[in-house]
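Protein sequences appear in the order of chains A and B. Here the first sequence is numbered in our numbering, starting from 1 and rising by one per residue. Here the second sequence is numbered in our numbering, starting from 1 and rising by one per residue.
Hint data in this document are derived by calculation from the structure and do not stem from the laboratory. Nothing here was measured: the structure is a model prediction, and the numbers come from that model. The beta-carbon is built from N, C-alpha and C at its ideal position, and this holds for glycine as well. Honestly, I wouldn't trust all of these hints.
[Stated by the list, open to error] Residues from chain A that keep clear of chain B, each with C-beta distances beyond 10 Å, as calculated:
1. His67
2. Gly78
3. Arg89
4. Gly102
5. Asp104
6. Leu110
7. Val147
8. Arg151
[Claimed, not checked] List of simulated lysine to any residue pairs, SDA-like, C-alpha gap at most 25 Å:
9. B/Lys154 / A/Leu54
10. A/Lys114 / B/Glu26
11. A/Lys38 / B/Arg275
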Amino acid sequence: MTTTQAAETDGVDAAHDVVEFLIGQHMQIRDLFTEVEKSTGKARRDAFERLVRLLAVHETAEEQLIHPLVRTGVHGGGDIVDDRLSEEREAKEMLVKLEDVGPDSNQFPLLLAKLRASVLTHAHNEEAYEFRYLRREVAASELQPLVSMVRAAEAMAPTHPHPGVESATANTVVGPVVSLFDRTKDMVRASMSTNR
Amino acid sequence: MTFNPLEQRGIPLDKQLRSWRELDVEPVDPDHSDPYTKCRIITMNGIEIEALLFSHNFARICPDMEVKHKLAEIRYLEQQQQKVVNWLLPGSSSPLETTISYEQVAVDLTAWVARMEPDPYLTQCYEFGVLEDFDHLYRYANLYEMLQHRKAEKIVDQLTEVIPGRPTRYHHRNPIDNVRKPYDRSAAAPISKLHALTILSAEQQTMNFYLNVGPQYMEPIARQLYQEIAMVEEEHVTHYESLLDPGETWWERLVNHEYNECYLYYSFMEQESDRKVKAIWELHLNMELEHLHAACDLMRQHDGRDPAEVLAPELPNVLTFEPNKAYLRELLDTQIDLTTLGTGFVSEAHERFQKMQDAVMGGEDPASDRVIDEHNSVFGTDYRIETEGPHPRPELRQGATSKA
Chain A
1 MTTTQAAETD GVDAAHDVVE FLIGQHMQIR DLFTEVEKST GKARRDAFER LVRLLAVHET
61 AEEQLIHPLV RTGVHGGGDI VDDRLSEERE AKEMLVKLED VGPDSNQFPL LLAKLRASVL
121 THAHNEEAYE FRYLRREVAA SELQPLVSMV RAAEAMAPTH PHPGVESATA NTVVGPVVSL
181 FDRTKDMVRA SMSTNR
Chain B
1 MTFNPLEQRG IPLDKQLRSW RELDVEPVDP DHSDPYTKCR IITMNGIEIE ALLFSHNFAR
61 ICPDMEVKHK LAEIRYLEQQ QQKVVNWLLP GSSSPLETTI SYEQVAVDLT AWVARMEPDP
121 YLTQCYEFGV LEDFDHLYRY ANLYEMLQHR KAEKIVDQLT EVIPGRPTRY HHRNPIDNVR
181 KPYDRSAAAP ISKLHALTIL SAEQQTMNFY LNVGPQYMEP IARQLYQEIA MVEEEHVTHY
241 ESLLDPGETW WERLVNHEYN ECYLYYSFME QESDRKVKAI WELHLNMELE HLHAACDLMR
301 QHDGRDPAEV LAPELPNVLT FEPNKAYLRE LLDTQIDLTT LGTGFVSEAH ERFQKMQDAV
361 MGGEDPASDR VIDEHNSVFG TDYRIETEGP HPRPELRQGA TSKA
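I would like the entire structure built from these sequences, with the hints used as guidance.
This is the structure we're talking about:
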């Protein structure tokens, strides 16, 4: 079997605006859920860790970069963003529970399925009710530079664990979910101030 | 196979009406369901839509109030069936993901029918058409990776290969060359009539789907590709509908429609892996049996004929969704250069074909070429799923040409 793929790109690398970039991340999140569900033991713990990190970077970038644009640039944007934030809160609460029980617990599959349903619905709502209007109402020249900010934040909060640093370093980044989201937010803010 | 729909009874018509709650089905999972479950859903949706549009058209030329009432009663139930079937598709799938599943249907359904069809001319018609849907799958898969940064393999799995077929730019023929020769209703095997109706229904729904969802995209290449391929679907509907004998009476056609629904629900019930979806196929089969009996009664009353004269004595072999890779590769190797002239097939770019090509291209490359070029420029290559080795045609191998 030779699946011919875009050789060295992992999809989102080729994105040329922030909406395309974030849609690419939605697809990665979707596939990571499947990976976590299908794996066991260490492979599952690794995949789950990557999923949590990606969710943290992704949601934080949306909160810090996209929602403010939608609030000011899209008609009814305030209410649209409030709906998305309440979905994000719900997902974060589930994520906290999921991390509490851990990937080896019996409860994990059911809680993961719930989180997945919630995150996929949220992603769909973003694409349908937020991104679509963002592209229509906000100039491409404003959307384009955001890609580098999200990338910079992503680089600081790596979504792929570096081999050999699983112990101390990785733990300070992963930690409990809430702390991870807070740290990622700081990184995105730092990235915004240096890139703007 | 001993199942004979003419002898089986189902759920009485007056017990078939469902409440809103019963129509509100849970959709299949967008990422975890069997790709062929989605194919069966899409196929049955097309079959139901053909059934109810046929019934509407029949009602419009029918002066008899009693018949109109019966058609309306059954049509309402069929509308409910369509709602249940199509609402099995998940809302979180993008139209483009559903499109890729539509093309997987077109490829593996048409290929299977071509393999099973007893009539050589009809077989040739299916073989000709399938190489075009096969190419559409490849074009949409490349669009998918550009727009959503995800590989079509996540949707079709490795059940269907994604490689160039007859290049879409060559599908644009003079409309009169899309009209085929019909089968003879008195000589054709009953299974041939079912095949033609099934593929016609699938292509018609594909045409309607593309002409509706295409403009929902904002990206110019997506809008243009949907427009181009939707025009090819018009050609396919013309191609397949002209296979049906226009001499069939409305009663006979009604009976064929209902019989075909029984055949397909039975087939899909037999092979369905999703328990909940299987239960729907079974329920709908039991509804269709009574629709068939009602249609048979109308035929006896108004056509003065016994439906058994035109139907198969027992249900044909179940129609099956399965990989058709070797068969498709054989067709790619031998039939990719074909086009049509009148009701036949030729391998030369004749004058009428060339004239049509020049007129619609207007000196520019069509979206179906540009989507591959754009994919190449972003990703460095086109997107393919080649599970069985390189393309059987050297000129269509990866990197051989940008106009794959």
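Going down the list of hints, with the structure as the test:
No beta-carbon of chain B is positioned within 10 Å of the beta-carbon of A/His67; the least distance is around 21 Å. Listed as a non-interface residue, A/Gly78 keeps its Cβ farther than 10 Å from every Cβ of chain B; the least gap is roughly 23 Å. Residue placement check: A/Arg89 keeps its beta carbon more than 10 Å from all beta carbons of chain B (closest about 20 Å). A/Gly102, annotated as away from the interface, keeps every beta carbon of chain B farther than 10 Å; the closest lies near 23 Å.
For A/Asp104, the requirement that its beta carbon stay farther than 10 Å from each beta carbon of chain B is met, with the minimum near 22 Å. No Cβ of chain B approaches the Cβ of A/Leu110 within 10 Å, the least distance being about 15 Å, so the stated non-interface status holds. Under the 10 Å C-beta cut-off, the non-interface status given to A/Val147 relative to chain B holds; the minimum distance is some 13 Å. The claim that A/Arg151 lies off the interface holds: its Cβ sits roughly 14 Å from the closest Cβ of chain B, which is beyond the 10 Å cut-off.
As the CA atoms of B/Lys154 and A/Leu54 are separated by approximately 20 Å, the hinted pair is consistent with the 25 Å bound. Taking the CA atoms of A/Lys114 and B/Glu26, the gap is near 15 Å; set against the 25 Å cutoff, the hint holds. Taken as a hint, the A/Lys38 and B/Arg275 pair is honoured in the structure, with Cα atoms around 20 Å apart against an allowance of 25 Å.
Hint violations for this structure: none, all hints satisfied.
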